[in-house]
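Protein chains: 2
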Amino acid sequence: MIKNKKQKGSNAERELIHMLWNEGYAAIRAAGSGSCKYPVPDIIASNGARRIAIECKITKESSKHFYQEEINDLERFCKVFGAEGYIGIKFEKQDWFFFTIEDLRHTKGQNFSISESDSSIKGLTFRQLLGFF
Amino acid sequence: MIKNKKQKGSNAERELIHMLWNEGYAAIRAAGSGSCKYPVPDIIASNGARRIAIECKITKESSKHFYQEEINDLERFCKVFGAEGYIGIKFEKQDWFFFTIEDLRHTKGQNFSISESDSSIKGLTFRQLLGFF
Numbered sequence: 001m002i003k004n005k006k007q008k009g010s011n012a013e014r015e016l017i018h019m020l021w022n023e024g025y026a027a028i029r030a031a032g033s034g035s036c037k038y039p040v041p042d043i044i045a046s047n048g049a050r051r052i053a054i055e056c057k058i059t060k061e062s063s064k065h066f067y068q069e070e071i072n073d074l075e076r077f078c079k080v081f082g083a084e085g086y087i088g089i090k091f092e093k094q095d096w097f098f099f100t101i102e103d104l105r106h107t108k109g110q111n112f113s114i115s116e117s118d119s120s121i122k123g124l125t126f127r128q129l130l131g132f133f
Numbered sequence: 001m002i003k004n005k006k007q008k009g010s011n012a013e014r015e016l017i018h019m020l021w022n023e024g025y026a027a028i029r030a031a032g033s034g035s036c037k038y039p040v041p042d043i044i045a046s047n048g049a050r051r052i053a054i055e056c057k058i059t060k061e062s063s064k065h066f067y068q069e070e071i072n073d074l075e076r077f078c079k080v081f082g083a084e085g086y087i088g089i090k091f092e093k094q095d096w097f098f099f100t101i102e103d104l105r106h107t108k109g110q111n112f113s114i115s116e117s118d119s120s121i122k123g124l125t126f127r128q129l130l131g132f133f
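Protein sequences appear in the order of chains C and G. To convert, note that position 10 of the first sequence is 10 in the numbering used here; the numbers rise steadily by one, no gaps. To convert, note that position 97 of the second sequence is 97 in the numbering used here; the numbers rise steadily by one, no gaps.
The list treats identical chains as interchangeable, and a pair is accepted whether it falls inside one copy or across any two copies.
When the alpha-carbon atoms are kept at most 27 Å apart in a straight line, the in silico DSSO-like pairs for lysine-lysine are as follows:
id : residue 1 : residue 2
1  : LYS8      : LYS37
2  : LYS8      : LYS60
3  : LYS37     : LYS93
4  : LYS64     : LYS93
5  : LYS93     : LYS8
6  : LYS64     : LYS122
If you're looking for bench data, these hints aren't it; they were derived computationally from the structure.
Produce the complete structure using the sequences and hints provided.
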């Protein structure tokens, strides 16, 4: 069960890697996310001009919980690396939605959740993430 | 045996990740190197100003063989990502040495080897890689 969940997460991340390469970004999945003393986002991508670090969340539920520590780690990584940090959320049978760290900080408390309906209203689509508004 | 070899490689890469963070670079190991249709270097690091992609080689032998395809993949990744590409070589009981793609292209043929003595003479040390000459 845990393996299946992990597998689904990896597949969804691979799909995102593919979408990024298709749009001219070199994108990689990071190893050791969650088992390392340094902050590690799930995906790092760059097209030479813009660098993006994404913490990915895939869920079958209708809302997804976040811990302040995850956001702090993403922010810490991005500050040193020189990247824009995003949380990418994929609800089942939905497309990816993206939130900036600023979005999360300004609208939510310490530990918090983002719902499926929040995402489709307030989240950026993949094309919006890449600046195709 | 294969697992031990892989483990030693991973440990040496983790050591390099640690050295990079210590010098102000956010560094990550990439997942799926060698099992992905897109080019994936072993390590990506950035301090906000400089981005470095490293293909790592660890060996117990006194020389290490390279394939042109590995170098081409590193170059392709770096071109899209906007990173400097390096081959990092670690011979047993030695420190890491680094070669630029240019170094390799200008001095060697298609498939080629780098020896332990070559590395200590022509390779960059870790400090030289980061510009501490």
